[in-house]
Amino acid sequence: MGKILQICGVDETADKLLRPLVMRLKQEGHEVHIACADTGRVDRLRAEGFEVFTIPMKRSLAPISSGKSLWKLFRLMRREKYDIVHVHTPVAAALGRVAAKMAGIKHIVYTAHGFYFHDDMGRVPYYFWFTIEKWLARHTTDYILLQSKEDYELCLRERFLPEEETFHLSNGVDIEGTFRPSKKVRDTMRDSLHLQEEERVICFIGRLVKEKGILELLEAFKQVKQVRKNVKLLVIGSLSQSERDQDTYRMLQNHLRDPDVLALGYRNDIHQLLEAADIFVLPSYREGLPRSIIEAMAMEKAVVATDIRGCREEVIDGKTGYLVPKGDSNVLRDRLLRLVDDAALRSSFGKEGRRFAEQYFNERKVLDLQVELFRKTLEGEAHD
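For what it's worth, the numbering used here labels the leading residue of the sequence shown as 1, then goes sequentially.
Honestly, the hints are just simulated from the structure, not real lab data. What you are looking at is a predicted structure, and each value in this text was computed from that prediction instead of being measured. One should not assume that every hint holds.
Said to hold, decoys possible - Think about it this way: if two alpha-carbon atoms lie no more than 20 Å apart in a straight line, the pair counts; the simulated EDC-like pairs of lysine to aspartate or glutamate are:
| hint | residue 1 | residue 2 |
| --- | --- | --- |
| 1 | K149 | D368 |
| 2 | K134 | E153 |
| 3 | K3 | E379 |
| 4 | K225 | D334 |
| 5 | K101 | D142 |
| 6 | K26 | E372 |
| 7 | K16 | D342 |
| 8 | K134 | E164 |
| 9 | K229 | D341 |
| 10 | K183 | E158 |
| 11 | K225 | D342 |
| 12 | K134 | E158 |
| 13 | K101 | E165 |
| 14 | K326 | E219 |
Produce the entire structure from the sequences given, and follow the hints as far as they go.
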């Protein structure tokens, strides 16, 4: 068995995304630590038995703060002498890999949940971040796991690492347990939200920032409401005044005063809220391989998402939902209206989405791949 360090930017990522992997690795007999910034969840994670080290990390690279984070990671690794360091999220992954290389860690694994560079960047910034990612892959990474198939194919095409060190990981949720449709749960949750049976509910999950397409969604919903009175919008996610775009913050505050918009903030009962909904929408500008869409498909919800990397790997246009152009509130409105009006179409999309999720996005299979990789890595070390 090995000693493994999981590194991510913030404790929310550790709590929501890495929890199943950490628990599975511990069940396999590994000693697992987590390093991340504390935004209010570290004490609870520790109370649950997780070994968490707090390392402040910002969302962007900055010389002074990044240097301090790098030094703290390096000292942690030298002290704890990990067998494997597994990194996640762009900035934490960059700092974690450099620190691991400096500390002499034998095995460094990077899960790319979505590269920092993307198609909407200008040529210069795209090439800059692409070059950094490629350099880090070649010089500080032993294995790279890609959630997005498009990212996986890019890594092979651009030769980030040899093919045998590059894996298409995908993404997954607990479709065999937590994320299973239940009419009883639906009725209970709709009652708690004071939703009427005839009301059609559209659901959004994500950070309330411009790049998630929340403004286009709110505008589209406003237009839907003008012609259909039986609609509600569930908005699940935090509105942070610290976001850089204060104009967006003020616009969101105005929209969220609409009595037909139920702004629920951060929630832990996502599967129950999705069960209460009829349609899930994610009009984001860029994604890795969004977990929220998989959760919605697992709960048999019709999905409307933007035609971007990640989303188009999960949504089959016209079969499990609709793909719409990024930033186009009119097309988004039209697709939402069609689904609000057509119960049979919602049902068809939902059932096909569930089948698709069962085939390609089962969390157990995603965890199996990682556990097996760690096992083979540690066994190979033992045989050296």
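Report task. Starting from K134, check that the Cα of E164 is at most 20 Å away, please. Result -> Given pair K134, E164 holds - Cα atoms ~16 Å apart, limit 20 Å.
Query - Distance restraint between K134 and E153, which requires alpha-carbon spacing of 20 Å or less - result: Holds, at about 14 Å.
Query - Hinted pair K3 and E379, Cα distance within 20 Å - result: holds (13 Å)
Query raised in the report: Taking 20 Å as the top limit, are the C-alpha atoms of K149 and D368 close enough?
Result: Holds. K149 to D368 sits at ~18 Å (cutoff 20 Å).
Query - Hinted pair K326 and E219, Cα distance within 20 Å - result: At roughly 14 Å apart (the allowed maximum being 20 Å), E219 and K326 satisfy the hint.
Query - K26 paired with E372 [C-alpha distance capped at 20 Å] - result: At roughly 14 Å apart (the allowed maximum being 20 Å), E372 and K26 satisfy the hint.
Query raised in the report: Taking only the CA atoms, is the gap from K225 to D334 under or equal to 20 Å?
Result: Between K225 and D334 the Cα gap is close to 12 Å, so the pair holds against 20 Å.
Query raised in the report: Does the structure keep K183 and E158 at a Cα separation of 20 Å or less?
Result: violated (48 Å)
Query raised in the report: Is the hinted pair K16 and D342 satisfied, with a Cα-Cα distance of at most 20 Å?
Result: violated (33 Å)
Query raised in the report: Between K229 and D341, is the straight-line Cα distance small enough, at 20 Å or below?
Result: Roughly 12 Å between the alpha carbons, so the hint for K229 and D341 holds.
Query - Satisfaction of hint between D342 and K225, Cα-Cα up to 20 Å - result: holds (16 Å)
Query raised in the report: Keeping to a limit of 20 Å between CA atoms, is the pair of K101 and E165 held or broken?
Result: holds (17 Å)
In summary, the numbered hints that this structure violates are 7, 10.
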